[in-house]
Amino acid sequence: MVPFQEVLLEVRRVLEEAEPSLLPTLLNQLLDAQVFSVQYYQSLFRDADSGQGGSADADGLARKLALPIWQKWEASKGILFSMLVEKEDPGPDEVDETGDPGLCDLIPDTLFSAYIDSIDLSSPGFDESFDLCFSDDVFDISDEPDDKPTLGREDIKRQTRKRRYKRPSKKPSRLKRNKGGNTGDPEASENYSDAITAPCEGSFQPSVRTIPQQLMHAPFAVTAATALESASLVPSSGQTLRIIHTINHLAHPVMNQIVPVRPTYVLVSPQSLGPISQVFPLSPADGAVAPLELSMSSHPTISLSDTASRVWFPSPLTPVSHSKGQIPDKIPPEDSTPPPHRTKKRLSPVIPKHVEDYIAHLKSHLKDTCSEKQAEISMASHYIETLLVPRKLVIRTGKNANKCLEKELLVLSDSERKKAMVDRTCIFQDCTLRSRHLVTILGKAGMGKSTLLQRLALDWSSGGLSQFHFVFLLDCKAVDLMRPCYSLKSLLFDLSASPRCKDSAAVFQHVLSSPEKVLILFDSFNEMKDLEGLLQASADSASHDGYSVRQLFSGIFQRKILSGCTLLIASRPKDVLNQLLRKVDSILELCPFSSTDIERYVSNYFTDDSRRESALRKIKRKKYIFSLCSNPLLCWFTCSLLERHDADTCALPSTLTDLCLGVVSQHLELEAKEQGSKLDITQLCSMAWEGFKSQRSLLSQEQQLSKELMDYGFGCRILTSHVVSEESGGTLATCFADLFVQSLLSALLLVQSRDVSEKTLVAQMALQHRKRKPQGEWQDLLQRFIMGLLYHRSPLPCSGLPHSPATSQAKRQVVETQLESLKPGELTPGKLLELFHCVYETSSVKLAKLLIKNLPDGLRFCGAQLSLTDAYVVEHLLRHAKGLGQMFSIDLQDTCVPLSGLKDIVAMNSIKSYRAFTMDTIDLWEDLHCSNDELNLKSAIDKFTIEPFKASQACHIENLALLVQIHREKKLPLGGAVSALDEGIPAVRHLYKLDYELGQQKGPEVFPCLVELLPALQSLQHLDLENNKIGDSGAEKLAGALQSLTSLKMLNLSQNSIGDAGLEKLAQALSEVSSLQKLSLYGNLIADSGAENLALVLPDMKSLLDLDVKYNKFTDIGAKKLSNALKSSTCMKSLQMWNGCIPYGVFEHLQLQDSRIRTLL
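Using numbering that gives the first Met the number 0, you'd call the opening residue of the sequence shown number 0 and step up by one each time.
By construction, these hints were calculated from the structure, which means they are not laboratory data. Certain hints may be false.
Claimed, not checked - DSSO-like mimics (lysine-lysine), calculated; alpha carbons at most 27 Å apart, straight line:
1) Lys-528 x Lys-366
2) Lys-71 x Lys-970
3) Lys-902 x Lys-970
4) Lys-528 x Lys-391
5) Lys-672 x Lys-619
6) Lys-822 x Lys-911
7) Lys-992 x Lys-1028
8) Lys-1001 x Lys-582
9) Lys-417 x Lys-619
10) Lys-845 x Lys-822
11) Lys-852 x Lys-71
12) Lys-418 x Lys-970
13) Lys-391 x Lys-949
14) Lys-1101 x Lys-1132
15) Lys-1126 x Lys-1109
16) Lys-418 x Lys-76
17) Lys-949 x Lys-1077
To be verified - Derived DEER-like restraints, expressed as beta-carbon distance ranges:
18) Lys-992 x Gln-694: 37 to 45 Å
19) Arg-482 x Gly-857: 50 to 58 Å
20) Glu-673 x Ser-542: 44 to 52 Å
21) Leu-580 x Glu-1004: 24 to 32 Å
22) Pro-483 x Arg-616: 53 to 61 Å
No residue lacks a Cβ here, since even glycine has one placed at the ideal position from N, Cα and C.
Model the full structure from these sequences, guided by the hints.
Written out as structure tokens, the structure is:
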């Protein structure tokens, strides 16, 4: 891998020597290639605001860019060097800085004459400013330097007309820069800020050398239509033709030292359509927004011309700092390049007065309803800004493709997640300002999906999200999704969290006329079941009724109705959304609370300083509860439990079951005190169980509750209500408050009721080997609560259920019998993790030791996303292995386990080896080195393994290169020499098997990087390069590295398009690999010449046992050469060389001569 200092020098050289106007392109290309994150991109400008300018800023920018470029050098070097190539060879498409002279032909002579007649030629400074705008080759002015002619009106008219009709004979010379950043011509350098960027094709951008400066600010009364078609541009009444001076989008302190800021002018033909909020036009040349003070008229909504309409973009949402909640002083630049398939903008209709009134009423209503989360908890006082992580899909095809959501979503490492985090301002627009119309928010139960949607609605009601005129918030768990009695109008105005609309028909017609201004938020989308046929049965009419909510959603999702609106879906990651993932524009996952977020939330919850400090101390002392508090809902549970007790004397629970049970019991007791009696909640438990079986939170109309029990459920916070404002009158939809409470009540019924048999109870444990329909978090929480309640030591809350100790004992015995029969080694990673959680909830040492005893030596959690709580549970149970004398190898790849959890697991004595993301592992080593924990650092380095190494992505080779570099240099990337690395990295030294599986598209591109690493893998025995299309050039590169692989036993080069030229180089190198036992070259392009070269070295390959050259291009000539060589290779066991070019009779004859020659076996 290239040393860091060399990369830093290259970055400095590019910043100094490359064309300054190419710097925005460089940064955007690096961002698109994911060399650094959006936040890192934005930090360049935040840091620049506090800089001092000068060369120090340029050097600082080089250092900030060098580190991410060095980490992803293979993806960055092409982008970096392309900047110098463009400078050295501008090519035929060099920018013409003279502008388009033909643009002024649009403005007739009469208009120039009329305006020039109105100019006061005696105004101070007019001659100077006018003369600067025109060069001497335009005017017939004397060359005498001291004589400056006085211009009259006729001179100006004549010379302006002459300039307008004069075409440049050739392109101007390109300005040159020296390494100091200055232009070669002093005069050009002095006037460089007056240079004009070239206009985009088809856009209105005159050069300042074409029109005098005073004319640039002239309020010509014209329209776009007359400008293009009429000889006269002065209608009786029209809008203004404005020429706007824009600002370079990189005009920050650091960028000013590197990129000269050049003014750009845009000719805009506006049309005002109403008193709606306007958007500043963007320059198509550099994406800069024209400042308000340079505008000569009201800001237009859209241009009438197709070319001018390309410069319009939706107004970006002002970013809000998630840490301070403040609007930054400067907004980082965004890429103004329009998307490739941009829909043509259409004119937005004028908003009538009654629609404006309803929008104001809707904003006021949402502000009131979304500000209060629940009793005594407000959005303003308790809301904690959480970040989101963009997720990408790994498309899997074929009959054996796994449809499980976790397998389709690309799992990021913990370091990658931290770099990719964005706040809510990026939900509807990416870093290039491309709009997203179908967005998915993923998050587990209690992670704050509903709160985030309410926060977005509150942002809109407070003036944010200005690109939308309407926001409709729908809660899927509060409506009947199957009843076919709705229309699009009733969905938006009756079922959403919107106020009653007196003139809903007129407002609905306005919604239909501007769907691009509509945002629909679908909360609790996991309630939408049976999605297999959802997209096949959809609503196709915006006016008809008789549709179900499912059909209406399908119609909106497929753009059959309300096409152009923005749709946001919030769902749980393990539930039903996987059917629609491939059709959405963006997938974002809510991040859990960080330790700082937990402290901030607890501080907001407790206003008293002493109670706050006591609560924080209590939570941090209980490591498991602290990990649970990364879930916002469970953090509220914990604070609620501490609030009712003395924080110093209250003992926090040690399991999830105890925490949820304590909160429910506390609410039951408080409500009983208020009402004077404790009610029987048996019916609530039964309803929870019925809802669980159908995976619904909404109470059906058949499930009737007495008013007393309903109020009791609301008071205990078991139930919650949603008002659905239908035209016939408001109705109340009742549902369970959250999944944790509903699952706990269902588990209480299954454990305590005599009517529930042991067989029914065991059937809910989804740890069996047989396949069953996945139920996501419903099933996970239920089985955890069942195990926790069965082994609960304290009396359970009085639910009124008929039960006896004998019943509970019998059910415990059945569950223990099933756990003993389980074979953890045969479980999938997800089910193995759930088994750990179930055993942990029991707090039983007996069951923990039983689990550890049955575990295989190799624990695989690969693919199961591990949270901080999951890591703690695994680490806690594996502690029992110490007393049993067991040692484990643990695979944590594709788990994105947090750094703190990885540190705890790796430090255990019962872990003999581990695998994890390479970057996460290096981060762990850096953390241990910074904390001077040399003992654990040495242990972490020695335990790390990458055997076998499977490269299916380019980043895998980059990570391997980083490990090899650390192994060679014996120091960490961000630190100095480390004594623990004196012998290198054992994982690199003991790598025996490497599978290169990048495929035919990426394989040839990344293969040279792999070849450079092979000499460091001296213990490599198995090298599989099948189906990567490395070709003859790749075979030649490989030949140079084979001599260093002294331990290689198997080499697979099948299906790589290797021909005779490649095999000629490869054959000689193969003869020097004395340890090679198996060689596969089937499916290549080897002809007779290649077969002959291989036959020449075959007798020298003394250890070769099997050779496979099937399905190549050699004929009977090459076959006979190989057959003759086989006679001299007495140690070989088989030669497979069948292909269609060998006559069957010849091949059969060769087989009779030597039985080691085989066909397809």
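Exercise. When the hints from earlier in the document are held up against this structure, which numbers fail?
Worked result: 1, 5, 11
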